[in-house]
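J.: Sequence:
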Amino acid sequence: RGSLIFVGNGKPDLVDIGQTPNVFDLYINLLTTDDEYLMIYQYVEVLGTLQWQTLTKLIPNTYVTNQNIDFDTANYCHIPIASIVDPSYVGSTDASNFSVQVTFGTSAGYPIVSSIKTEVVTLSSIENLKITFYAKEFDGTDWIDISGSRTANLHISVV
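Here our numbering is used: position 145 in the sequence shown is 239, and no number is missing along the way.
Every clue listed holds true.
Calculated pairs, BS3-like style, for lysine-lysine (alpha carbon to alpha carbon, straight line, at most 30 Å):
| id | residue 1 | residue 2 |
| --- | --- | --- |
| 1 | Lys105 | Lys151 |
| 2 | Lys224 | Lys211 |
| 3 | Lys230 | Lys211 |
| 4 | Lys151 | Lys224 |
Now the in silico label distances, taken between C-beta atoms and shown as ranges:
| id | residue 1 | residue 2 | range |
| --- | --- | --- | --- |
| 5 | Asp188 | Asp239 | 28 to 36 Å |
| 6 | Asp164 | Asp110 | 50 to 58 Å |
| 7 | Lys151 | Asp239 | 42 to 50 Å |
| 8 | Tyr204 | Asp164 | 16 to 24 Å |
Rather than coming from a laboratory, the hints here were simulated on the basis of the structure.
Backbone N, C-alpha and C define an ideal beta-carbon position, used for all residues, glycine too.
Work out the full structure, taking the sequences as your base and the hints as a guide.
T.: Quick look at the structure:
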């Protein structure tokens, strides 16, 4: 068999899953207070002994947020890396670990073109993804610098 997926509140060797697992069965730890929360285990044979072995951790690889960007005062935002992904799951991070897509809200309905620059910066001992925005808006005749506040709809993926 080896095709069942079990779930439980705790590590699989510490909880009763209700039946004897077969080789290659999977288990997901759903105990939010456990240090291995969302860990996926696989039942395998290791040196002649059947046991649960950690396989991978279920972590969301996307983060979505709306940020108010005031182009008159600061054309950037800071997002704590820990808000996007637990750094212990991915090791050290740099800007190349993140794919960022942005869409700006526009009040007048005119098209906006934009580009971004991403970098990891440390503020008060906290690593942040700094996203700097460069944008122009077509006013019906010319492409002009954006002024005032705009909502940046951000979709950040961990790669």
